[in-house]
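**Q** This is what each chain is made of:
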Amino acid sequence: MTGTRALFWLYVVLPVAGIVLYAVVGLAHN
Amino acid sequence: MRLFLKNNSLPLVFTVLFLISLLGQSLAGWKLHNDEQLAHDSPTVSYARYLVSSDFGEAVVENWQSEYLQFTCFILATIWLIQRGSNESKKPEDAGLESDAKHLIGRHAQRNSPAWAKLGDWRTTFYSNSLLIVMGLLFFGSWFAQSVTGWTKYNAEQRDHDESTVSWAGYLVRPDFWEKTLQNWQSEFLAVATMAIFTVYLR
Numbered sequence: 707m708t709g710t711r712a713l714f715w716l717y718v719v720l721p722v723a724g725i726v727l728y729a730v731v732g733l734a735h736n
Numbered sequence: 796m797r798l799f800l801k802n803n804s805l806p807l808v809f810t811v812l813f814l815i816s817l818l819g820q821s822l823a824g825w826k827l828h829n830d831e832q833l834a835h836d837s838p839t840v841s842y843a844r845y846l847v848s849s850d851f852g853e854a855v856v857e858n859w860q861s862e863y864l865q866f867t868c869f870i871l872a873t874i875w876l877i878q879r880g881s882n883e884s885k886k887p888e889d890a891g892l893e894s895d896a897k898h899l900i901g902r903h904a905q906r907n908s909p910a911w912a913k914l915g916d917w918r919t920t921f922y923s924n925s926l927l928i929v930m931g932l933l934f935f936g937s938w939f940a941q942s943v944t945g946w947t948k949y950n951a952e953q954r955d956h957d958e959s960t961v962s963w964a965g966y967l968v969r970p971d972f973w974e975k976t977l978q979n980w981q982s983e984f985l986a987v988a989t990m991a992i993f994t995v996y997l998r
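Just so you know, the sequences run in chain order A and B. The opening position of the first sequence corresponds to residue 707 in the working numbering, with each subsequent residue numbered one higher. The opening position of the second sequence corresponds to residue 796 in the working numbering, with each subsequent residue numbered one higher.
Treat the hints as calculated values from the structure; they're not laboratory data. Warning: the hint list may mix true and false statements.
Claimed, not checked - Label-pair ranges, simulated between beta-carbon atoms:
| id | chain 1 | residue 1 | chain 2 | residue 2 | range |
| --- | --- | --- | --- | --- | --- |
| 1 | A | T710 | B | R954 | 24 to 32 Å |
| 2 | A | V719 | B | S837 | 29 to 37 Å |
| 3 | A | A723 | B | F984 | 39 to 47 Å |
| 4 | B | E893 | A | V719 | 25 to 33 Å |
| 5 | A | V722 | B | S982 | 23 to 31 Å |
Using N, Cα and C, we set each Cβ at its ideal position, and we do this for glycine too.
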């Protein structure tokens, strides 16, 4: 169950990290 | 370990496919980007720099937003809408919001239910809609990231052609933003409708 929970959090953290990264990239380079 | 792989094979296989595809996209995108730079007598960029460029970022998040939109719409629509005979749909008599008893929340929560399922206040309401809320937030977040990376790319091209740049709000009403948005949305809606109707007749 711990591994399943880790997978759940991976799929929360992964898109949030991507969204924050590219929002910052877009805003910083304009 | 073997039990973990067996119990979680569906997301694990798709995680591997996701990473391979993302790697392939980044390598092909990097090559294409540098080919275009050379064609315009502009300097090329390293792979690491390309990974944190608006060019790559927009290509990634414009697809993400439409996938999260698909699931947000699917979760929301399948509360009330049905396709009789499809295993993607509820039964017609189950259409509509489900009871606390079926969701095992509030006074119907069980001993091993999450804490927020038991409280019976706004936190229980949040918990019972959490899949829709989180999917919706990821959709709006990735759509926002698409808008700012697309805006940066758009203004860079405007500068290259000695044309005037636009504000972020100005970019949101440009055909460039909506063409990229809607080309992804139409394919998601087509896929959902196809899956709903195909599963009635095909096995």
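**Q** Evaluate each hint against the coordinates.
**A** Structure-based check of all given hints:
1. A/T710 <-> B/R954: 24 to 32 Å: For B/R954 against A/T710, whose Cβ atoms are near 48 Å apart, the range 24 to 32 Å is violated.
2. A/V719 <-> B/S837: 29 to 37 Å: Since the Cβ atoms of A/V719 and B/S837 sit about 35 Å apart, the hinted range of 29 to 37 Å holds.
3. A/A723 <-> B/F984: 39 to 47 Å: For A/A723 and B/F984 the Cβ distance comes to about 28 Å; the hint is violated.
4. B/E893 <-> A/V719: 25 to 33 Å: Given a distance of about 29 Å, which is inside 25 to 33 Å, the answer is holds.
5. A/V722 <-> B/S982: 23 to 31 Å: Holds, at about 24 Å.
Comparing the model with each earlier hint shows violations of hints 1, 3; every other hint is respected.
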